[in-house]
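Visitor: Heads up: the sequence lines are chains A and B, in that order.
For the first sequence, this note's numbering gives the first residue as 164, with consecutive numbering after it.
For the second sequence, this note's numbering gives the first residue as 164, with consecutive numbering after it.
Errors might be hidden in some of the hints.
Heads up, the list lumps identical chains together, so a pair's fine if it works in one copy or across two of them.
No farther apart than 25 Å at their CA atoms in a straight line, the calculated lysine-lysine pairs in the PhoX-like style are these [what the hints assert, rightly or not]:
no., residue 1, residue 2
1, K258, K458
2, K491, K255
3, K458, K255
4, K458, K491
5, K491, K258
What the hints contain is simulated information worked out from the structure, not anything from laboratory work.
2 protein chains.
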Amino acid sequence: MRLADLPTPCLVLDRDILQRNLDTMAQCLERHRVALRPHMKTAKSIDVARLATAGQPGGITVSTLAEAEYFAGHSVTDILYAVGITPQKLDKIAKLNGAGAAVIVLTDDLDVAEAIASHPRPPRALIEIDTGEGRGGVAPDDDMLLAVAARLGSCLAGVMTHAGHSYAGRSLEAIAEIAEVERAGAVRAAERLRAAGHAVPIVSMGSSPTVRHAGRLDGVTEVRAGVYMFGDLFQAEIGTHDLDSVALTVLTSVIGRRPGRLLVDAGGLALSKDRSTADAPRDYGFGLVLDVAGKRSFGDAIVRRAYQEHGVLEADPAYPLDFSVGAKLRIAPNHTCMTAAAHDRYFVVAGSDEVVAIWPRVNGW
Amino acid sequence: MRLADLPTPCLVLDRDILQRNLDTMAQCLERHRVALRPHMKTAKSIDVARLATAGQPGGITVSTLAEAEYFAGHSVTDILYAVGITPQKLDKIAKLNGAGAAVIVLTDDLDVAEAIASHPRPPRALIEIDTGEGRGGVAPDDDMLLAVAARLGSCLAGVMTHAGHSYAGRSLEAIAEIAEVERAGAVRAAERLRAAGHAVPIVSMGSSPTVRHAGRLDGVTEVRAGVYMFGDLFQAEIGTHDLDSVALTVLTSVIGRRPGRLLVDAGGLALSKDRSTADAPRDYGFGLVLDVAGKRSFGDAIVRRAYQEHGVLEADPAYPLDFSVGAKLRIAPNHTCMTAAAHDRYFVVAGSDEVVAIWPRVNGW
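Hey, can you work out the whole structure from these sequences and the hints?
Guide: In structure tokens, the structure reads:
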């Protein structure tokens with residue numbers, strides 16, 4: 164099967180670029196001697212998880228119960244569910260752990276800590292630390308940290324922070340500074356807990372940009388990153404990787420050609436409505452137009468408008484777009500995590516237009 | 164099963180509101196004596212299609228091949244696939260039509276018209292007319308109209324237009340004016356084709372706003388509309404329906420409560436990253452916060468930020484949000500079509516918190 168034969172729109176995953184991205188991250192972490200717990204919220208695929216954990220301790224991070232169940236069902240045991248848990252979700256966690264998994268949960272809440280500790284089959288739990296993102300978590304010096312730890316008791320396994328605001332960094336220096344605040348906050352929280360008599364085996368931090376550009380990771384036991392595997396236009400804009408490292412694209416067909424415009428069958432559903440590059444140095448609309456081989460043959464052509472099933476291309480004046488209806492193109496996405504979620508599988512290529520594998524995804528909740 | 168027992172995030176569909184929306188549209192069209200061909204791109208559900216076509220001639224509109232295959236598999240025969248067809252997709256259409264369906268395709272292209280007419284099992288086809296949207300279609304007075312018709316020959320079944328730019332209308336008068344241009348353009352194209360000797364049994368126009376507010380529909384044989392079934396915040400803003408007519412919401416759990424902020428487990432994937440209300444009179448962020456019964460109990464509280472799995476709420480100062488982790492809320496979406504697409508089923512309620520049915524959706528392509 165070749166790309167030209169695939170129904171469109173669909174996801175194309177370049178295994179060579181994926182492997183290069185994984186290798187780059189592995190080298191980066193080797194320097195720091197810190198374990199990687201890859202975040203599977205982007206890929207949601209056991210095939211990708213196997214590649215991403217090769218040579219690593221093997222633990223993964225997930226963002227939904229559906230992912231936890233799916234990966235546990237594929238014999239991945241060490242799973243961190245890195246979204247604040249609710250008491251109602253503990254029974255499903257207990258069921259997974261009763262069947263051999265070791266799912267670790269996350270909280271920053273006294274009542275939830277109580278619910279965890281008093282559950283008939285309590286999971287291990289991390290306390291979420293806010294190191295500046297302003298989303299979930301307690302500040303490293305907040306009294307609540309010790310209160311939640313006391314409630315968790317022997318369930319306490321460590322601390323976790325996510326400097327998602329690193330996405331707003333507009334220089335590698337700025338991202339490195341955020342990474343250091345993230346590291347220092349997580350370590351500070353761990354030290355306070357240890358001083359209060361708690362064991363804190365896990366000190367977890369990370370986002371693709373901060374892990375990639377951290378100057379040091381002392382005191383951190385593991386890092387989490389997800390989007391680095393596939394990359395996207397936004398991550399390229401903030402310097403997590405270069406533009407040639409986007410492993411995931413959407414294959415699309417030209418469905419209309421009118422004077423001055425070209426329509427494709429990748430619209431808001433196939434690409435997502437994510438407009439993260441609107442705030443980046445360079446705005447790619449809803450995605451960058453590539454040729455069917457994934458090469459940047461059309462300069463700065465982008466998807467300017469996205470309807471539900473229609474994308475409207477905007478050509479680079481230096482590279483006129485002249486195609487018949489049915490011609491195939493590829494679109495590099497703004498935000499891989501969002502784009503991939505509309506699709507149930509990857510069509511995998513490796514250095515040619517031949518599809519060498521089809522890898523399913525686990526979507527939903 | 165009650166809403167409080169459901170895993171979150173998930174879709175809740177209020178059947179009473181859905182039925183009221185369907186009745187409102189039926190009454191509107193009775194006045195015009197025009198057939199409705201409901202667009203199933205929003206609902207993607209045979210259960211909803213049965214309600215939406217009750218009392219109507221029965222034909223539907225779809226936006227993907229997956230929908231066409233799904234509805235044909237549920238014995239819906241009269242299907243308009245209202246996105247420009249590519250030659251490569253004709254074999255699948257032929258297969259459906261060979262098995263008893265009557266899928267009509269759409270084009271505005273000479274080469275595609277040729278491919279349709281020369282296919283071993285040619286489908287009937289409509290010519291797409293551009294009445295101002297600037298997406299697909301030939302202008303009503305364009306010479307290309309007659310050229311495409313000549314190529315289609317006996318496959319020609321009529322004309323179709325979609326005034327999607329009605330979404331930019333900011334008064335009912337403005338939308339009514341766009342509706343009249345849409346109607347007049349479709350009818351003008353049909354008249355030109357008839358003058359050239361073609362039979363034009365189908366003159367199809369529509370979008371939820373223009374169908375709802377058209378002053379007259381003379382010469383139109385059928386209208387298409389989809390989002391009117393469920394409604395959403397954007398459609399409420401442009402006057403397609405009122406705010407109480409939003410039938411579809413996302414059930415979510417509180418997953419964090421920190422001073423000054425509340426987190427829920429409906430983020431960018433569960434709600435979509437659609438920000439259509441950013442350009443509406445009223446900006447709802449990523450959605451309006453309702454109580455678990457679907458009532459507007461929290462004033463103007465909205466989802467201000469949306470991460471992949473986290474939503475961050477912004478309270479209305481007059482209605483403090485005070486919940487435990489695990490408490491359930493509902494979120495009315497900006498754009499129903501985008502929000503629903505992340506979910507594989509509807510949990511249907513009817514006047515209470517009891518789930519009376521689960522209806523699957525057909526996502527993907």
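Visitor: State for each hint whether it applies.
Guide: To see whether the hints hold, each was checked on the structure:
no., hint, verdict
1, K258 <-> K458, "neither (46 Å within a copy, 35 Å between copies)"
2, K491 <-> K255, "between (43 Å within a copy, 18 Å between copies)"
3, K458 <-> K255, "neither (44 Å within a copy, 30 Å between copies)"
4, K458 <-> K491, "within (13 Å within a copy, 47 Å between copies)"
5, K491 <-> K258, "between (46 Å within a copy, 23 Å between copies)"
Violated hints, listed in ascending order, are 1, 3; each of the other numbered hints is respected by the structure.
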